[in-house]
Amino acid sequence: DTEVTQTPKHLVMGMTNKKSLKCEQHMGHRAMYWYKQKAKKPPELMFVYSYEKLSINESVPSRFSPECPNSSLLNLHLHALQPEDSALYLCASSESRWGASTDTQYFGPGTRLTVL
Amino acid sequence: AQRVTQPEKLLSVFKGAPVELKCNYSYSGSPELFWYVQYSRQRLQLLLRHISRESIKGFTADLNKGETSFHLKKPFAQEEDSAMYYCALPGQGAQKLVFGQGTRLTINP
Chain A
4 DTEVTQTPKH
14 LVMGMTNKKS
24 LKCEQHMGHR
34 AMYWYKQKAK
44 KPPELMFVYS
54 YEKLSINESV
64 PSRFSPECPN
74 SSLLNLHLHA
84 LQPEDSALYL
94 CASSESRWGA
104 STDTQYFGPG
114 TRLTVL
Chain B
42 AQRVTQPEKL
52 LSVFKGAPVE
62 LKCNYSYSGS
72 PELFWYVQYS
82 RQRLQLLLRH
92 ISRESIKGFT
102 ADLNKGETSF
112 HLKKPFAQEE
122 DSAMYYCALP
132 GQGAQKLVFG
142 QGTRLTINP
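So the sequence lines, in the order shown, correspond to chains A and B.
Numbering of the first sequence is given in my numbering, commencing with residue 4 and proceeding in unit increments.
Numbering of the second sequence is given in my numbering, commencing with residue 42 and proceeding in unit increments.
Bear in mind the hints are in silico, worked out from the structure with no lab data behind them.
These figures come from a predicted structure and were not determined experimentally.
The reader is advised that the hints may include incorrect statements.
[Said to hold, decoys possible] Pair by pair, the computed Cβ-Cβ distance ranges are:
id : chain 1 : residue 1 : chain 2 : residue 2 : range
1  : B       : I92       : A       : A42       : 29 to 35 Å
2  : A       : Q85       : B       : G99       : 41 to 47 Å
3  : A       : A83       : B       : F117      : 50 to 56 Å
4  : A       : E98       : B       : R44       : 22 to 28 Å
5  : A       : G31       : B       : Y80       : 41 to 47 Å
6  : A       : N60       : B       : E95       : 32 to 38 Å
7  : B       : A58       : A       : E70       : 46 to 52 Å
8  : A       : N73       : B       : E73       : 27 to 33 Å
9  : A       : L76       : B       : S93       : 39 to 45 Å
10 : A       : A83       : B       : Q86       : 46 to 52 Å
11 : B       : R145      : A       : E70       : 33 to 39 Å
12 : B       : N149      : A       : E47       : 30 to 36 Å
In this text, a Cβ means the ideal position worked out from N, Cα and C, and glycines have one as well.
Using the sequences plus the hints, can you model the full thing?
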């Protein structure tokens, strides 16, 4: 399996809801990423997990809570979101070889999130 | 700070014409640069990285350290090349990618 998968494809939620986005890869990659992409804009990094530990948090509001249960899975828990959080949320993974130069990142298809 | 500039938001060329997508960067040290592509209704994917020096789908990109550029070129554009193209380089730490604003390339028949 050489793809990153994301579920659900689409999600509509109210501002008081709690929901989760899921990401999975079976390429043996040890780094996993969450990005937010607004329409006609580049992806913006939110979080990086390396060897199941949070290594980068780009000052993301606490209403977004990442979780990495194991090396293949990455979740993004959502609570009390705002309409401006509506976007495409992308997951990515990379090998994260120690001492290597920047690894190629492999992206999932994204979850289109709408906050009402 | 690491920064990537893609000066053209939109680029339109005719099929069979040469195409060049511009990318300029600011980076302290020896940069490793990437081009990612997002075709309509497909996921973002790596097109090429300068370290591998490969030609992918007929595209090439040469790192010019003097001009701090990494322009993407193809001698004869095809309709299937229509897509959004992002130039990227590492941010602080090897795991972080900094993307340019992107160029939407349209190939006209």
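Here's how the hints hold up against the structure:
1. A C-beta distance of roughly 31 Å is found between B:I92 and A:A42, which places it inside the suggested range of 29 to 35 Å.
2. Between A:Q85 and B:G99, the C-beta spacing of about 44 Å keeps the proposed range 41 to 47 Å intact.
3. Distance hint check for A:A83 and B:F117: the Cβ-Cβ separation is about 52 Å, which falls inside the suggested range of 50 to 56 Å.
4. Checking the proposed 22 to 28 Å range against A:E98 and B:R44 shows it holds: the Cβ atoms sit about 26 Å from each other.
5. The hinted range of 41 to 47 Å is not satisfied by A:G31 and B:Y80, whose Cβ atoms lie roughly 26 Å apart.
6. At about 34 Å, the CB distance of A:N60 to B:E95 agrees with the hint of 32 to 38 Å.
7. The hinted range of 46 to 52 Å is satisfied by B:A58 and A:E70, whose Cβ atoms lie roughly 48 Å apart.
8. Judged by the Cβ atoms, the range 27 to 33 Å given for A:N73 and B:E73 holds: they are separated by roughly 29 Å.
9. The hinted window of 39 to 45 Å between A:L76 and B:S93 is violated, with their beta carbons roughly 30 Å apart.
10. Our hint of 46 to 52 Å for A:A83 and B:Q86 is violated, since their Cβ atoms are close to 33 Å apart.
11. A C-beta distance of roughly 35 Å is found between B:R145 and A:E70, which places it inside the suggested range of 33 to 39 Å.
12. Range check, B:N149 to A:E47: about 31 Å between beta-carbon atoms, so the 30 to 36 Å window is met.
This entry does not satisfy hints 5, 9, 10, going by the numbered hints stated previously.
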